[in-house]
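Enquirer: Work the whole structure out from these sequences, hints included.
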Amino acid sequence: MDILTVLAAAAFGSTVYLIAFSTVKWLDRKDPKIKVLGLTLIGLALCAVVGIVAAGSTGVIVGFVAGGILTPPVHRALHGRMRVART
Numbered sequence: 152m153d154i155l156t157v158l159a160a161a162a163f164g165s166t167v168y169l170i171a172f173s174t175v176k177w178l179d180r181k182d183p184k185i186k187v188l189g190l191t192l193i194g195l196a197l198c199a200v201v202g203i204v205a206a207g208s209t210g211v212i213v214g215f216v217a218g219g220i221l222t223p224p225v226h227r228a229l230h231g232r233m234r235v236a237r238t
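Add 151 to a position in the sequence shown, counting from 1, and you land on the number used in my numbering.
Just to be clear, a hint being listed does not mean it is correct.
[Claimed, not checked] The following label-pair restraints were derived from C-beta to C-beta distances:
no., residue 1, residue 2, range
1, Leu169, Thr209, 18 to 26 angstroms
2, Gly202, Trp177, 19 to 27 angstroms
3, Ile154, Pro183, 40 to 48 angstroms
4, Gly202, Thr174, 17 to 25 angstroms
5, Lys186, Val213, 31 to 39 angstroms
6, Thr209, Arg180, 20 to 28 angstroms
7, Leu190, Ile220, 20 to 28 angstroms
8, Asp153, Ile203, 14 to 22 angstroms
9, Arg227, Ala162, 17 to 25 angstroms
10, Ile154, Leu188, 35 to 43 angstroms
11, Lys184, Val225, 27 to 35 angstroms
12, Asp153, Arg180, 22 to 30 angstroms
13, Val187, Leu221, 25 to 33 angstroms
Since the hints were made in silico from the structure, they are not lab data.
None of the values given here were measured: they were computed from a predicted structure.
Cβ atoms here follow ideal geometry from the backbone N, Cα and C, with glycine treated the same way.
Expert: Structure below.
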């Protein structure tokens, strides 16, 4: 297992997570019909990405999973809770 392959796959997994996360937040503000269609398409795209990653080497799989698992806590820690100003 090559360490650079693992790191590259982790970066890719992190990117996929952040794109899916921001797209779901955007869809949350849309009409329910559009939201259902969008979530379905996101699910299909994520299944395709996971299938492609699964066809890769062990290093790619380990890195992709590690990137996807580590990104949410880091993302929350960096952005924290948004504060609402009181008037």
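Enquirer: Against this structure, judge whether each hint is valid.
Expert: Hints, one by one, checked against the model:
1. Taking 18 to 26 angstroms as the suggested C-beta distance range, the pair Leu169 and Thr209 conforms, at roughly 24 angstroms.
2. Take Gly202 and Trp177: their Cβ atoms lie about 25 angstroms apart, and the range 19 to 27 angstroms holds.
3. Distance hint check for Ile154 and Pro183: the Cβ-Cβ separation is about 45 angstroms, which falls inside the suggested range of 40 to 48 angstroms.
4. Gly202 and Thr174 have their C-beta atoms about 19 angstroms apart, which keeps the hinted 17 to 25 angstroms range intact.
5. Distance hint check for Lys186 and Val213: the Cβ-Cβ separation is about 33 angstroms, which falls inside the suggested range of 31 to 39 angstroms.
6. Between Thr209 and Arg180 the CB atoms are about 40 angstroms apart, so this pair departs from the stated range of 20 to 28 angstroms.
7. Taking the beta carbon of each, Leu190 and Ile220 are about 22 angstroms apart, inside 20 to 28 angstroms as hinted.
8. Taken as a hint, the range 14 to 22 angstroms holds for the pair Asp153 and Ile203, whose Cβ atoms sit roughly 18 angstroms apart.
9. The supplied range of 17 to 25 angstroms is met by Arg227 and Ala162, whose beta-carbon atoms lie about 19 angstroms from each other.
10. The hint said 35 to 43 angstroms for the Cβ distance between Ile154 and Leu188, and at roughly 40 angstroms that hint holds.
11. The hinted range of 27 to 35 angstroms is satisfied by Lys184 and Val225, whose Cβ atoms lie roughly 34 angstroms apart.
12. About 42 angstroms separates the C-beta atoms of Asp153 and Arg180, a value inconsistent with the hinted range of 22 to 30 angstroms.
13. Roughly 30 angstroms separates the CB atoms of Val187 and Leu221, a value that falls within the hinted 25 to 33 angstroms.
Going down the numbered hints, you'll see the structure goes against 6 and 12, while the others check out.
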